[in-house]
Amino acid sequence: MDIMQSIQSQNYIFPVESGGDVFRRTFDFLLASLALLLFWPVLLLTAGAVVLDSPGACLYRQVRVGRAGKNFMLLKFRTMQTGAESQLEGILLERPELLQDWEKYQKLKDDPRLTRVGRVLRRFSLDELPQIFNVLRGEMSLVGPRPILPSQRDEYGPAFARYIRVRPGITGLWQVSGRNLLTFVERVRMDNDYLDRWSPVLDFTVLARTLWVVIKGQGAY
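Note that numbering that gives the first Met the number 0 gives residue 210 to position 211 of the sequence shown, counting from 1, and the numbers run on in steps of one.
No wet-lab data here; the hints were simulated from the structure. Just so it is clear, CB atoms sit at the ideal spot from N, CA and C, and this is done for glycine as well. You may find that some hints are simply not true.
Okay, derived cross-link-like pairs now, EDC-like style, lysine to aspartate or glutamate, Cα gap no bigger than 20 Å in a straight line [stated by the list, open to error]:
#1 75 with 52
#2 108 with 185
#3 108 with 127
#4 215 with 153
#5 106 with 20
#6 69 with 153
Label pairs and their computed distance ranges (CB to CB) [to be verified]:
#7 54 with 198: 43 to 49 Å
#8 84 with 132: 17 to 23 Å
#9 82 with 214: 29 to 35 Å
Build the full structure now, drawing on both the sequences and the hints.
What follows is the structure in structure tokens.
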């Protein structure tokens, strides 16, 4: 936690806030609207595949922390069995070798809760597509820090005060720099680096790199 404890910038005005917010919101809305027009057939087909593959709803809603510390419902295509959250504790007790991965990455590489379709969706990040609606509603940006769970607030330490100054993003620096191969602490470092370095050029660069990373499927699980 040394990285997070070293961040002392609660009163810092980030480039993304100082004059960039109107541009970002306009950019987000226009591009998300275009994405919805282009990808609505993919959204419908994916929803059908999720429902046919396993019992349960096609969408998964999860509380995440957004701008100003306000919670919102993040939308994703369901990639796990219904009731997966309640199964996690039992899985970690039965398979203690997975506990270290969970503590380090906050994810499981070989998660037994994933469905067949879910594994494919995770590999190509198709499960994230419904977050287009989160962007249109103003809860998220296309690029930004990844939205965290309320239970992860303490893990962010002093960095949490920086995180809530902007809208979380569908993609960001750590998603194009190793994705799930990075530790949780490394992701926090990159989220803070993004806040320091923000510019329209950086957002365009991250979006372009995201397409390549998704096609390769590297670091996705």
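Comparing the hints with the structure gives:
Of the supplied pair hints, the one linking residue 75 and residue 52 holds, its CA atoms being roughly 16 Å apart against a limit of 20 Å. For the hint pairing residue 108 with residue 185, the CA-to-CA distance comes to about 17 Å; that is within 20 Å, so the pair holds. For a cut-off of 20 Å, the pair hint linking residue 108 to residue 127 stands: about 18 Å separates their Cα positions. Taking the CA atoms of residue 215 and residue 153, the gap is about 33 Å. The hint is violated against a cut of 20 Å.
Of the supplied pair hints, the one linking residue 106 and residue 20 is violated, its CA atoms being roughly 31 Å apart against a limit of 20 Å. Restraint check for residue 69 and residue 153: the C-alpha separation of about 15 Å stays at or below 20 Å, so the hint holds. Between residue 54 and residue 198 the beta carbon distance is about 46 Å. The supplied range of 43 to 49 Å therefore holds. With their beta carbons about 22 Å apart, residue 84 and residue 132 fall inside the hinted range of 17 to 23 Å.
The hinted window of 29 to 35 Å between residue 82 and residue 214 holds, with their beta carbons roughly 32 Å apart.
When each numbered hint is compared with the structure, violations occur for hints 4, 5.
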